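**Student:** Here are the chains, one letter per residue:
Number of protein chains: 2
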Amino acid sequence: MYQISKLENGLENVQGFYCGATNVGMRTNPANSGVSDVDGDVAFIRSDIPCDISAVFTSNTFQAAPIKHFQKYPKDFKTDFILMNAKNANAMTGQKGIDDIDTLMSALKERQAVRNPIMASTGVIGYRLPLEKIASGFDNLDFSAKNSHLTARAIMTTDSFKKELAYKVSLEDGTSFNIAAICKGAGMINPAMATMLCFIITDADVPKTDMDALLLDASDASFNRISVDGDTSTNDTAMLLSNKTSMAYDKEAFQEALNTIMFELAMMILKDGEGANKLVAFEVKGAACEAEAKKASMALSNSLLVKTALFGEDPNWGRIASTIGASGVNCDDETLTIHYDDLLIYSSEFRELDTVREEKAYVIMKQESFKVTCDLGLGEASYTSYGCDLSYEYVKINAEYRT
Amino acid sequence: MYQISKLENGLENVQGFYCGATNVGMRTNPANSGVSDVDGDVAFIRSDIPCDISAVFTSNTFQAAPIKHFQKYPKDFKTDFILMNAKNANAMTGQKGIDDIDTLMSALKERQAVRNPIMASTGVIGYRLPLEKIASGFDNLDFSAKNSHLTARAIMTTDSFKKELAYKVSLEDGTSFNIAAICKGAGMINPAMATMLCFIITDADVPKTDMDALLLDASDASFNRISVDGDTSTNDTAMLLSNKTSMAYDKEAFQEALNTIMFELAMMILKDGEGANKLVAFEVKGAACEAEAKKASMALSNSLLVKTALFGEDPNWGRIASTIGASGVNCDDETLTIHYDDLLIYSSEFRELDTVREEKAYVIMKQESFKVTCDLGLGEASYTSYGCDLSYEYVKINAEYRT
Chain A
1 MYQISKLENG
11 LENVQGFYCG
21 ATNVGMRTNP
31 ANSGVSDVDG
41 DVAFIRSDIP
51 CDISAVFTSN
61 TFQAAPIKHF
71 QKYPKDFKTD
81 FILMNAKNAN
91 AMTGQKGIDD
101 IDTLMSALKE
111 RQAVRNPIMA
121 STGVIGYRLP
131 LEKIASGFDN
141 LDFSAKNSHL
151 TARAIMTTDS
161 FKKELAYKVS
171 LEDGTSFNIA
181 AICKGAGMIN
191 PAMATMLCFI
201 ITDADVPKTD
211 MDALLLDASD
221 ASFNRISVDG
231 DTSTNDTAML
241 LSNKTSMAYD
251 KEAFQEALNT
261 IMFELAMMIL
271 KDGEGANKLV
281 AFEVKGAACE
291 AEAKKASMAL
301 SNSLLVKTAL
311 FGEDPNWGRI
321 ASTIGASGVN
331 CDDETLTIHY
341 DDLLIYSSEF
351 RELDTVREEK
361 AYVIMKQESF
371 KVTCDLGLGE
381 ASYTSYGCDL
391 SYEYVKINAE
401 YRT
Chain B
404 MYQISKLENG
414 LENVQGFYCG
424 ATNVGMRTNP
434 ANSGVSDVDG
444 DVAFIRSDIP
454 CDISAVFTSN
464 TFQAAPIKHF
474 QKYPKDFKTD
484 FILMNAKNAN
494 AMTGQKGIDD
504 IDTLMSALKE
514 RQAVRNPIMA
524 STGVIGYRLP
534 LEKIASGFDN
544 LDFSAKNSHL
554 TARAIMTTDS
564 FKKELAYKVS
574 LEDGTSFNIA
584 AICKGAGMIN
594 PAMATMLCFI
604 ITDADVPKTD
614 MDALLLDASD
624 ASFNRISVDG
634 DTSTNDTAML
644 LSNKTSMAYD
654 KEAFQEALNT
664 IMFELAMMIL
674 KDGEGANKLV
684 AFEVKGAACE
694 AEAKKASMAL
704 SNSLLVKTAL
714 FGEDPNWGRI
724 ASTIGASGVN
734 CDDETLTIHY
744 DDLLIYSSEF
754 RELDTVREEK
764 AYVIMKQESF
774 KVTCDLGLGE
784 ASYTSYGCDL
794 SYEYVKINAE
804 YRT
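Line order of the protein sequences matches chains A and B. The first sequence begins at 1 in our numbering and counts up one residue at a time. The second sequence begins at 404 in our numbering and counts up one residue at a time.
One chain only, chain A, in its complex shape:
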């Protein structure tokens, strides 16, 4: 038995970790974001003790320089410092972009508090990092600070709110450990803006082999299930760092805490989804195999027509059905059923929406969050992905993002 309890604030809850941010003048006041030009644009997470680190990265062929740089390290590499910056993704910058990281890492290592630094970036693709500006911030960073709020704000781009979470896990033997995370990415509905960064830190005594497997599983159950439009950013990164200082660990408890924190962060990203107002779960069940359930579910959460129907609160199930039919999975309109929450909205016997069911459907669709369940009626496999609506605001944010 164990108990997982939510904590106030974020990263400062984890023993032996420090974090903070500064503004080196890269930020301008963005039109569609919760940050302003006085927020930080360079930030850090530091641990007294070098940490085991596990990471998952974007599948984009054009991985950004920080990802290529990180991947040069050996499997058993330990780090004590992550340098982060916003406003510039250091993506598509070639070998020079990688060399630039070496330059910054060398400058950092001259500081007494830093031994094995790594780097993560987010922002616009295609520009070299302003090295002098970034390095100028090193003097202003207090490496003994524990300021999670500022750190979480410093990595925001089009995010309208900062994302940080922390949990305490109490084990039966009286020991306990902490896990906390910050992440950024308002546009997981469109992560091609070099978008998603997530840093999870823990003082649990978790073995490196567990870390790798559990991070992969938790990613599949969280960030990989939120709607991505087929676009995948050059910079998407989730990292898990453990410094073991609590001496406490239980695999099952750790797994649940990690899954919880990553799923909640994914839902926060979706809720912040650029201009989005609604969070919708798309469960496809009754599929012949999980791959088909996933394919149909992801087709729904990625469909422009489904997204605009959600925004318009239009209960027409035709767009749902058509998207499933176009997804390429085995399906049959005689065995298919569609529910909005608990309301049967389509089956082969009830094809047309009568006024009573239509009124009920309107009520469901007006909620901030609801579930669309499509039962293919063909097998036992299921998969749930999560999407949001597409609003005017999305177009505005993405048309104006850079200019």
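Be careful, since some hints might not be right.
As the list claims (entries may be wrong) - Pairwise CB distance ranges, derived in the manner of DEER restraints: (1) A:K96 x B:A694: 26 to 36 Å; (2) B:V766 x A:S5: 51 to 61 Å; (3) A:R111 x B:E693: 45 to 55 Å; (4) B:E761 x A:K133: 14 to 24 Å; (5) B:G782 x A:A291: 23 to 33 Å; (6) A:K96 x B:G780: 14 to 24 Å; (7) B:G780 x A:K6: 50 to 60 Å; (8) A:K366 x B:D479: 47 to 57 Å.
It should be emphasised that the hints constitute simulated quantities derived from the structure, not laboratory data. Quick caveat: nothing in here was measured; it's all calculated off a predicted structure. We put the beta carbon where it would ideally sit given N, CA and C, even for glycine.
Once you've looked at the hints, dock chain B against the given chain A.
**Tutor:** For chain B alone, kept in the frame of chain A given last:
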């Protein structure tokens, strides 16, 4: 040698064909469309002589009732009459939807002018056809009319303008034939609204075997290259009817005329693309094989982020590069080059946009139409698809379409 010349108006140019439309009261005054409630909602194309017919249909598993109904006919089936309706797609209506077509076809056959009628529908998914309403129009249709304008308008849904075209093909031996077409679909950027219908008629003496092959090729070079968001409608249909009355034919000339008419119609759909302001060609060349070139090209024309960047006239090539990197094709940022029209906007030597090139890029992007060329630098294969921008108007139209 042959000469192809554009004609005024549309379907009335083709010998032995008649067309017209009537309003049976299905139309309401749509908020975002070029049609009004006085336009027709039931229309026909008729030929004195039964026609050979070739057709290509949507790959959606949930093909609409008219498509299923048509596919029951033998390969050598000849038709003299197409009944069309807007406002109701007769899709996801099960066996009853197919039976409804039989009912309407029986009623039509009682008319002296009609022998082997077929049907095509467009509109909302999931409702039975209003049979009495539609049949009530048969008395008002003048089966000897030649009114292409009304017919083209009657099949519009969210289209802002009617789409009709006609060409005369003059052959070296002094003979000539005509080919004309109407089509509908403002949302080929989103054809899941049971959207695209295209009817091509000709008096050319084209053999049925040529018809099948040429229609397939022309579709691949036109409608299948315009951006479809991965969504494919339940009703997409392109039909080619020939009544041979001109006695004239030349395969090469006919192929060029058919390709021209279908490509121009596809571009008209894209220009009308719901709320779209820009038409952009995405050429991917230097690919290892055509399948890869097509995959990358379609990824670009379907990307929400690319579409919104076009709308925002943002010359940031990062979204183009990121989309190619995420498309899963072989690519390398060292060999990749990106051009907007003739302007080199990215190569491994010129990664950052300087002010001069950025200003030039702005000028190009402000055009109504331009070309994005991505050379992967890996092989000889190429593919071009066509897309449009994503505007506020698109969201508005699709949020409000049905309600």
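**Student:** Take a look at whether the Cβ-Cβ distance between K96 of chain A and G780 of chain B falls inside 14 to 24 Å.
**Tutor:** 19 Å, holds
**Student:** Does the hinted range 50 to 60 Å hold for G780 of chain B and K6 of chain A at CB?
**Tutor:** Holds, since G780 of chain B and K6 of chain A (Cβ atoms, about 51 Å apart) stay within the stated range.
**Student:** Has the hinted range 23 to 33 Å been met by the Cβ atoms of G782 of chain B and A291 of chain A?
**Tutor:** 30 Å, holds
**Student:** Taking the beta carbons of K366 of chain A and D479 of chain B, is their distance inside 47 to 57 Å?
**Tutor:** 54 Å Cβ-Cβ, so the 47 to 57 Å window holds.
**Student:** I want to verify a distance hint. Is the separation of the beta carbons of E761 of chain B and K133 of chain A within 14 to 24 Å?
**Tutor:** 21 Å, holds
**Student:** Does the hinted range 45 to 55 Å hold for R111 of chain A and E693 of chain B at CB?
**Tutor:** This hint holds: roughly 54 Å between Cβ atoms.
**Student:** State, for the Cβ atoms of V766 of chain B and S5 of chain A, whether the hinted interval 51 to 61 Å holds or is violated.
**Tutor:** 59 Å, holds
**Student:** Do the Cβ positions of K96 of chain A and A694 of chain B conform to the proposed distance bound of 26 to 36 Å?
**Tutor:** 33 Å, holds
Checked against the numbered hints given earlier, the structure satisfies every one of them.
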